[in-house]
Amino acid sequence: MLRYTLRRLASALVLMLFVSFVAFILVFAAGDPAVRIAGESGSAADAARIRAEFGFDQPVWVQYLHWLAGLLRGDLGHSFYFNQPVSAILLPALATTLLLGACAICFALALALPLGIAAGRFPNTLLDRFALLVAVVGQAMPSFWLALLLVIAFSVDNQLLPASGIGHWQNYVMPTAVLGYFAAPAVMRLTRSGMIATLETDYIRTSRAMGIPAGRVLRSYALRNAIIPVVGVASAQFGYMLAGSVVVESVFAIPGAGQLAWQSILRSDLPMVQALVLCFALIYVALTFLADIVNAWLDPRMRG
Amino acid sequence: MSVLLEVRDLTVDIATEAGTLHAVQGIGFEVRRGETFCLVGESGCGKSLTALAVMGLLPRRAVRTATAMRLETTDLLAQSERALENLRGRRMAMIFQEPMTALNPAFTIGHQLTDVLRTHTNASADEARARALFLLRRVGINAPEARLSQYPHQLSGGLRQRVLIAMALMCGPALIVADEPTTALDVTIQAELLHLLAELQREFDMGLMLITHDLGIVSRIADRVAVMYAGQIVETGDVEQIFASPSHPYTRGLMACLPQPGQARMQALPSIKGTIPSLVGTLTGCRFRDRCAHAMPACESDITLRPAGAGHDYRCILPPAHAEAVPA
Amino acid sequence: MSDLAVPVLAPARRRRWTRHPGLIAGSAVVVVIIALALLAPVISGYDPYDQDLLARIVPPVWMDGGSWDHVLGTDQLGRDYLARLLYGARVSLLIGVSAALISGVIGTALGVLAGYFGGKTDLVISFLITARLALPVILVALAVVATIGSSLTVVILVLGLLIWDRYALVMRAGTQQLRSADFITAARVQGCSAWQIMRFEILPNLANNLIIVATLEIGQAIVLESALSFLGLGVPPPLPSWGLMVAEGKSYILFDSWMITIPGLALFALVLAINMVGDGLRDVTAPEGRN
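Residue numbers (my numbering), protein chains in the order written: chain A, 183 to 486; chain B, 86 to 413; chain C, 158 to 448.
Bound-form chain A, shown alone:
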């Protein structure tokens, strides 16, 4: 178990290094950032000054190493727009997004797991078709449209929930629902197929042949087997959800990391953009790493 953990940790670290490089390179995607920051009204002299000031005149890999060294010291860079350290702005925003994401994934699991288990237990019944309908609709519906529909229904037509901000818990209801519904279908489908496959195995048949009551077979045995692949998917979905939060945060005016990323892109606040892309990528890598470890713990065959 320990060796497996260390191996996975090593590959996770290599991955993090690679994505950090990609995140850094991103802003150099097309042309000279100095020119872009100087703007349309800037002159060549302005651009040159900016270049020198921010170090763009150095080779890219040197700039990357500077940045990386800073990261390891905890310095995420200096925001062009706010004229403050990136971390001062980014971390509170990230906390908001993570809170929203946590609520959303709980909602998603609360919706998807029971539905998936029930659908897997009773395949090809009305319940199953309903579950699949929920999944299919969730995968097709654009999140911004669902968000706006909810706003229309609950804020405009009936003043039940606030449409923006994060002051009260009510603010989190609609964003959680939209974000969670985005992640639920994949989890539901996998739980369902995992349940169907598990209930057909020889070892579940053995349990039934030994007279273990059907309810307990489902809860204590089959669930444990079926849940294994779901852990991986759920954590990946959490990662996608965080990255996709930009849409939801924009509709509900939530000052989270997604919103910050969008605005920073529009403002050409390069250090902020680099740091945010890096953060989201790192969170994903960390989540999948943790999921692998949990998987290994759940499935004894995967250890060592």
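Calculated from the structure, these hints are not laboratory results.
Misleading hints may appear alongside valid ones.
[Unchecked claim] Sample of chain A residues lacking proximity to chain C, with all beta carbon distances greater than 12 Å (derived):
no., residue
1, A234
2, F262
3, A270
4, C285
5, P296
6, P324
7, G349
8, V399
9, W444
10, I475
11, A478
[What the hints assert, rightly or not] Now the stretches of chain B that chain A is said to cover, found in silico as 3 or more residues with beta-carbon under 8 Å:
no., region
12, 183-196
13, 314-321
All C-beta atoms, glycine included, are put in the ideal place defined by N, C-alpha and C.
With chain A fixed as given, assemble chains B and C onto it according to the hints.
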């Protein structure tokens, strides 16, 4: 010996796209306490479904009917699913063919063993553990303490099957149904496990219903035998009767296929030509007639079981018991 | 992503095609939308770029103040809504199919190479796939479009270069399965080059998987484009994009919520239909029932 399991007119039908598949057609047999009863037949003859029907573990699409199915005094047909769950593992237990997949990979051997006992009795964790250790030793696993905390993937196929035998014995059932328990294992381990099963059956005074396609196994371990073909029992009797005077052409064909010591080398192994008939739709007459050298017009009508000797029945209109087996 | 069964799929049987309600319904809706998009100039006489500042935000015909002049009303610049909706269908379909094609080429190439050669090639490509999965796609797309400037071509290229991961995963798994098949060994023994084997033996056998993934990716590309346009960094105005229309309608949410509902509904219907086609194809070619 008292009758442990009585089955009369068991039928299993399966709905398929092409029509109803009559997998088991009106078979009847008895298993007595202290006796090993073997159900023999080739793949697809319905013997596994018979075992599942007895245990009440048929798949959803399969429909079971019978005029009688009794485990000692309990009518198995009249039991609710909950009552059947109570019986399974406690008074009747089943061992399946494929040990590699029959144990749950996410739980320890000890957990799976003790859970059976604790489900059916109010044994404590220690008592269940003690019983598990006792049985693991009894089925020939040395140093069982270590095995309790191991996972199935850490055991070989033979060991896993021993664990499954121990699991079946946890509550001391009266009837064991074993569906080809050694087919998936090495020949050397086969012999050991069969010997073990026979010993256990005698020691715990159980009834053992053994399903197999291997006549060699039957000759070594059975007390009574029923030969199945295409969903019907075509011959039934004591093991000596079946081997000494096989009366149904199919049984005789099976006997002829057994390699004999002293057989001349380079002699072609006899086989029964043809394949089993389709079991879909209405079936009439002798199911074996397309492969039988002695088929005649009278075989077109349904044939009942008739006696070939005391306690020896067969389903053929030919006279019983020629001295030597005649290949088809 | 991981709900796709990866076994190499059997050819669909004609009977199962016609019996699958989801497949039929989805295909019908997709065909209708394609037809509507192609017949846009015939159905609506208006040019989607024509502004009529005297007739702004006219509601659809079934609401108060609506008229048959503009069946679905007009937007904030007086442009006919039905026209923008129909021409918007062209944009969505064009972007969806193009992006799916580009990402298909990239993903299939990577997946087949990784699955066929294994070893270091597989290690590198798998690493690339994982790295791609770690990156927040929307943010990266937003950043690139903001940097380069938005246009139809840019959006197509950015999406195409980003969403190849599912192709790569499915093709890789499928190729790995086929690699050990006897007919592949036979081809190698006959002296076929790796390229020939991949082109003539492996790819045709993975065609079913490829079509299913492609269908689902078209849907994903359409949703992604609409999200980008909604955030103002997708298709540039005045091009009619459904996502953009929803964004423009957001300011009028209090009294004219139809400006949001209608294009969103169109998006939902199109993506739903496409997904149903993809799922239906998977059901029809998979050996067992839906998983």
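Here is how each hint holds up against the structure:
no., hint, result
1, A234, "holds (21 Å)"
2, F262, "holds (14 Å)"
3, A270, "holds (20 Å)"
4, C285, "holds (19 Å)"
5, P296, "holds (18 Å)"
6, P324, "violated (5 Å)"
7, G349, "holds (21 Å)"
8, V399, "holds (21 Å)"
9, W444, "violated (6 Å)"
10, I475, "holds (16 Å)"
11, A478, "holds (18 Å)"
12, 183-196, "holds (count 8)"
13, 314-321, "violated (count 0)"
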